[in-house]
Amino acid sequence: MRWALVKVCLAVTTMVVVAFAVPLGLVIKEMARDRAFSNAERQAAAVAPALSITTQRDQLERVVASAGADTGMAVHIPAIDGKAAVDIGRRRAADADIAAVRRMGRASTTEVPGGSTLLQPVALSSGAIAVVEVYVPETEVSNGVGTAWAVLAAVGAALVVGSVAVADRLGVRMVQPAQRLVKGAHDLGEGRLGARVREEGPTELRLAAVAFNSMADQVVQLLANERELAADLSHRLRTPLTVLRLNAASLGEGPAADQTRAAVAQLEREVDKIIRTAREAKPQTAAAGPGAGCDAAEVVRQRMEFWSALAEDEGRKWRVAGVERPVRIPVARADLAAALDALLGNVFRHTAEGTAFAVDVHNGEDAVIVLVSDAGPGIADPEAAMARGRGSGTDGSTGLGLDIVRRLAESTGGDVRIGSSVLGGTEVRIWIQLDGRKPVRTGHRGAVRRRRQGKLVSTFNRPRSLP
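Just so we're on the same page, the working numbering is the position in the sequence shown counted from 1, plus 152.
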């Protein structure tokens, strides 16, 4: 489309330039000729008064010389009263042309070698007709014509080049929105759900971009609803199963108790299998599109209200910090809730009753850190735990929890680290990057570095007393 528009504009502009430049060039040439012959007529008119007074050669020669055209002017006086004809100056015109001018009594031009001559008849006092001949060389006729034609050609070329440049810019303005629309469709088809198209360009393409963005938003919303439903089902199944497992452990010994514990274990394995299958079947999504995100502080408070009930039943002390003010992050609410539930579920599943835990939120200028800590025995091999999170799986584990957390962090350009907590157990640090850049390391776990007024400030995870 772009090159077609350029070609059409080039053809139209070229035709317009030719249509105007050629006639204008001919007019300029004719104007130069008229100017040259007008000068010749003025020179001839300067001699006419003298001819009406005298026909003496010496006097006429002085008049011709004073006219400044002694080399290009000639005066032809016919024989009068027996006197011989007088010719002053160089004759260039033919005798027949001079005789024709005397006979017709009006001025005429004729072609001669090297140019043209103007033959101007002048009536003498005796009634005879003298002819003044003024030579107009070809260089005077074409004087300035070449320069004018060059200027016309330059202007025409500039118009053509300018029109091509304008057409190219217009073509780019039309083509770029279409190319962005095509790229957005490809990205969306490849699973990058954050793909959006800028609503720019002509009206039709802008409306197409609006429709595309609306469609992409609907797709993202549908997938978010599915993920939220899956997370909700996971919460509803995991928590009752955890309670059943804890209650079954307190049944004591006996066939019925063993059968109950075996049934609960079998049910957990079946639920794990269902969750893992759903995870593998779900399409991979990209980071949320423009405008998406949630308040991490609000989500943490909401999920802790859910888990605090179970913590009280098991006699666990818990603490939440850093959620007093809103903390905006570029992560969907359902995704953050699923990640928190996965980590807190691991705390309840893999630590003994009465084990304390804490959730801390640190808000920096370019990143937000969510810390989930416990006072359990810790993780001997964090790398193996992360590998399990990628789906290797072991008995009683789907490998889903850490995988959910890792994908959430990496979707923002952040990461997940496992280390030792200030409570003595495990600490899982979720680094959520706010601007999509790689995280800035500080050399201290749980630290958020930020620049304020040219100084580097560090906010560390300090131990706090549990309630």
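Just so you know, these hints were derived from the structure itself, not from any lab. You may find that some hints are simply not true.
Cross-link-like lysine to any residue pairs, in silico, SDA-like; alpha carbons within 25 Å at most [claimed, not checked]:
(1) Lys159 with Val179
(2) Lys235 with Ser277
(3) Lys181 with Asn365
(4) Lys181 with Cys161
(5) Lys181 with Gly346
(6) Lys335 with Lys181
(7) Lys335 with Val303
(8) Lys181 with Gln373
(9) Lys335 with Leu304
Okay, the calculated beta carbon distance ranges per label pair [as the list claims (entries may be wrong)]:
(10) Pro534 with Ala337: 36 to 46 Å
(11) Thr206 with Ala252: 37 to 47 Å
(12) Pro407 with Ser460: 32 to 42 Å
Positions of the beta carbon are idealized from the N, C-alpha and C atoms, including for glycine.
These are the hints, each one checked on the structure:
1. Lys159 with Val179: 30 Å, violated
2. Lys235 with Ser277: 15 Å, holds
3. Lys181 with Asn365: 62 Å, violated
4. Lys181 with Cys161: 30 Å, violated
5. Lys181 with Gly346: The given pair, whose Cα atoms are some 67 Å apart, is violated under the 25 Å limit.
6. Lys335 with Lys181: This hinted pair is violated, its Cα atoms lying about 57 Å apart.
7. Lys335 with Val303: 46 Å, violated
8. Lys181 with Gln373: Judged against 25 Å, a Cα distance of about 74 Å means the pair is violated.
9. Lys335 with Leu304: 45 Å, violated
10. Pro534 with Ala337: 36 to 46 Å: With a Cβ separation near 41 Å, Pro534 and Ala337 satisfy 36 to 46 Å, so the hint holds.
11. Thr206 with Ala252: 37 to 47 Å: 26 Å, violated
12. Pro407 with Ser460: 32 to 42 Å: 36 Å, holds
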